[in-house]
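A.B. asks: So you can see what is in the structure, the chains are spelled out below.
Protein chains: 2
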Amino acid sequence: MFLFIMTDELLILNASQLVTLKGAARPRVGAEMRDLAILENSAVLIRDGLIVATGATSEVAAQAASQCQTLDAANRVVMPGFVDAHTHAVFAGTREDEYEMRAAGFTYQEIAARGGGIRSTVRKTRAASAAELFDMALPRVRWLLEHGTTTIEAKSGYGLTLDDELKILRVIQSLNRDTPLELVPTFLGAHEIPDEYRRSDDAGQARTAYIDLVISEMLPRVANEHLAEFCDVFCEAHVFNVQESRRILKAAKELGFGLRFHADQLSLGGGSQLAAELQATTADHIEWIDEAGIAALQRAKVIAVLLPGAVFNLGLTKYAPARRLIEAGVGVALATDFNPGSSPTPSMQMALSIACTQMQMTPAEALTAATINAAYSLNRGARLGSLESGKQADVVIFDCADYRQIPYFFGINHALTVIKKGRVVVTQKSLGEKPIENCYTR
Amino acid sequence: MFLFIMTDELLILNASQLVTLKGAARPRVGAEMRDLAILENSAVLIRDGLIVATGATSEVAAQAASQCQTLDAANRVVMPGFVDAHTHAVFAGTREDEYEMRAAGFTYQEIAARGGGIRSTVRKTRAASAAELFDMALPRVRWLLEHGTTTIEAKSGYGLTLDDELKILRVIQSLNRDTPLELVPTFLGAHEIPDEYRRSDDAGQARTAYIDLVISEMLPRVANEHLAEFCDVFCEAHVFNVQESRRILKAAKELGFGLRFHADQLSLGGGSQLAAELQATTADHIEWIDEAGIAALQRAKVIAVLLPGAVFNLGLTKYAPARRLIEAGVGVALATDFNPGSSPTPSMQMALSIACTQMQMTPAEALTAATINAAYSLNRGARLGSLESGKQADVVIFDCADYRQIPYFFGINHALTVIKKGRVVVTQKSLGEKPIENCYTR
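From first to last, the protein sequence lines are chains A and B. Per the numbering used here, the first sequence starts with residue -4, numbered consecutively. Per the numbering used here, the second sequence starts with residue -4, numbered consecutively.
Keep in mind that the hints are not guaranteed to be accurate.
Because identical chains share one entry, a pair is satisfied inside a single copy or across any pair of copies.
[Claimed, not checked] Pairs of lysine to any residue residues, derived as SDA-like cross-links and limited to a Cα-Cα distance of at most 20 Å, are as follows:
{"#": "1", "residue 1": "313", "residue 2": "97"}
{"#": "2", "residue 1": "119", "residue 2": "397"}
{"#": "3", "residue 1": "416", "residue 2": "47"}
{"#": "4", "residue 1": "119", "residue 2": "396"}
FYI, nobody ran anything at the bench for these hints, they're computed from the structure.
Work the whole structure out from these sequences, hints included.
C.D. replies: Dropping the structure here:
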C-alpha cells in the first residue's frame, strides 16, 4: 500500500532578473525605493501556494521535488504580482460618451455638474443586480490578472444607498472568493452626494442628511457584516469638504475601519493634513499637496497612493509631486485608480509608464511603489508584495530581460505568466509566440 | 471527375460596429474626420485577399460560398487595420538606461549631447548584421500585428554610412516580404550627424561632407536599388537646419522620392514651411508649428503626421495643435513614432489614447487619422485604410462593442483578431477567454 503525497510544487528557474524586493518590514522610503534586491539568473520555488526558496537556480532546484512543475524564465523578469491599491473596479456601464465630451472641451467637473461623472455610473450601478454586477466585473478581473495584477483594493461608492452599497461590497466579496484575484474591500459611501439628496430646497440640509445616513446606517451595517476593511471619502471642496470628511472618517475609525481617502486631488483642500491628523493608512491622489501636507504625511507615516493615470486621462498636467514625496521620506505607492470615468485603465504597467515619464519616478521606485509599498498600504506587506520565503506565491513572469523595459516599452502588456497563490492563472500566448511549456522533467 | 475549386473566402459577420471609413478619395479633412461611415450589425466578405462586400449580415452572407470560413464579431468592433505612418522599427539595442536617466532629470537633448540618443542606437545597429537586425525586428513585427497594425512606414537612419543604411533598408525589404506586416520604406540618412563626422577640427566642414555623402552617394544608390519610396530628414536646429534639409530633400525629390520629414519637433524652425515649399507628402511631429505653418500645410495639401507618443514619453507638455490643424483643414494622420528612444511603443491604440486625452482629438478623428489618412500619407489610400469593395482585406476585430472604447480603456490591447490580405495572422486568446472559433458552417 502506498501513501501518495500530492506535492503542489512549482519551480520558476533561470530568471534573468528575479526582482525580489525582499527585506522590507515596512514600506520602503527614500533611497530604499531604488533597491529592488534583484537576483540574477535565479529561481523561485513554490510549494502549496507559498514561496519556499529563492536564489541561484542550481541551489533552489536542489530543494525541489523531482516531479515538480517547472517554468523556464530565461531572458525574462520574474517579479511579485502587482498590488493595485486604489480601484473602483466594480461598476455598471462605461463612459466613453463623456470621454468624447472631454475631447470637445468639457472638463470633468463640468460633465459632473450636468449629471454625468460619478452620478452617471451610480444610476447604472443601482439598476444592476448583484449577479449582473458580478458578471460585468469578470472581464475586468481577467484584464487585471492578464496585466500582472494579483491583488487590488476595490471600493464601493457607486451605490450611495444602504442596499446598493452593500450590494457592491458583496460583489467584491464574491469576486474575492470565486476568482483568482484577491480583492481588499473599501467602503466609499461618501463618494458623491446622490441625486436624491440634491433636489431639496435646502441643499445644505439634504447634504447633512446623506452624511448622517452614511454614518448612522451604512457604516455600522458594513462593519457588522465585515464587508469592508477600509473607509474612504472623496474629500474635495465640491464633494465632501474637510469638516464633513473628518466626521465620516472619525466615525469609521471608531468602528475599526482603516482609513484611506481621496485627498487634494483637484485642489489643495487640506485632505492630506486630515489624513495625518486621523492617522489614515493612506492619502490618495494628492496632486495638489503642499510642503506642509508632505511633512504631515511623513510625520504620521501615512502612505501616499499616487494615481497618475487619472491625471493623464483627464488631460491635466498637475501630477502629484512624487520626487518631493520620495525625498521627504513619505512611503509612496502607485495604483491605477481603475474606474469608468477618470481612469479607465486596469494596467499597472501603464501606471508605471506614466509615473516614470510624467512624475520622474525611476523604474525601480515605480516598481517598489506598485508592489511592496502597495501591499503595506493594504496591511498585507507581511504576506504580499515581495518574493521571499514564507510569503504567498503571487508571481509574474514578464517577457523582457530587464525590469526597466516594463515601463519603457509602453502601452503594451509584458506579463506572460501570472501565478496567484502558487497556481498559474494566466498564460499569454499568441500566434508565432513560442509558449512557455509546462513540463514535469528537469 | 471533380474539379475542386479552392475558394479563399472569409466572412466576418454580426459586427456591432463595422467602421468602414469608406468613400474618401483623398485624406479626410475638417468635419469629415468625424465621419467613420459605420454600419451596425454588419458583415464584411473577403475573397482572395480583397474585400468583396460590406453591409447587412444577411445580405453579405448571401454572397458567400457555402464552405466559407466565418468569424462571428457579435458585440465587437470591426475596423481597417491601423496604418502606422511613422516608425523607426528596425534597430539594434534598447535604451531603458536613458529612460532611467530622464527620470533623474536629464533631457533628451542632454542625453544626446553625451553620445546617447540616436547615436547610441547607431553604434549598436552598425555592429549588427542584416540577419541579426532581421531577427531583432521579428518580435517587434509581432507586437505591431498583435496590436492591430497591418501596415507601417519604416525608416532607415540608424546606419549613417552607405553600407549600414542599405543594410537597414534591405532588412525592411525582407520583413515586408517574409512577414505578414506591410512595410513602406523611407530613407533617413539625414537622421543625425554620425560620430565620425563630429571629430574634425572643422566641424562645419565635416557636416557638409556628411551631407554631401547623403546626397551624392546614398540617395542615388537607394534610388537605383529601389530600396525606399520616401526620403526623410530630421530638420531641427541641432541636427539638420532648414538650408541643409532643403538641399537634401530637393536632391531626393529630383530622384523621384516622396518627401516626409521631421519638422518643428523641438523648436519652431521653419520645417513646416519647407514641407509646403517642397510639396512634401507629410510634415511629421510639428509640435511647435505656428499659424503660418498651418496655413502653408493646408495650402500645399501636406498631411500632418502627429506623434503624441514621443511628447508623452519624453515628459514634455507641448503637443502638436491637433485641433487647430483640423479646423484649418489640414489632413491629419497619427503614428506611434515607434523607436527605442523617444517613443518605445508599437501600439497605435496607445497613440489614439494620447491623442484623445492630450490633443483633444475625438475618438472618431483619431481613428480616421490612424487608418485612411495614414494610408493616403503613404500613397496607399486607394488600396488600404478603409473597408470597402475592391480594397485589400486588412481587417481587425476589436474586443469591444463601441469604437470609442479603443482609446477610452487605455494601456491595454483591444485587438482580438488581425487579418492581413484576407489571412488571419493573429488571434489573441488567454485563459478564461472564449476564443472566436473558426468554423466552416453557417
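A.B. asks: All hints are to be evaluated individually against the structure, with a verdict given for each.
C.D. replies: Structure-based check of all given hints:
For the homomeric pair residue 313 and residue 97, the shortest alpha-carbon distances inside one copy (17 Å) and between copies (18 Å) are both at most 20 Å. When the C-alpha separation of residue 119 and residue 397 is checked against a cutoff of 20 Å, the pair qualifies only between copies, where the shortest distance is 18 Å, while the shortest distance within a copy is 43 Å. Proximity of residue 416 to residue 47 under the C-alpha cut-off of 20 Å is restricted to the intra-copy arrangement: shortest distance 12 Å within a copy versus 51 Å between copies. Proximity of residue 119 to residue 396 under the C-alpha cut-off of 20 Å is restricted to the inter-copy arrangement: shortest distance 18 Å between copies versus 43 Å within a copy.
Of the numbered hints given earlier, the model fails none.
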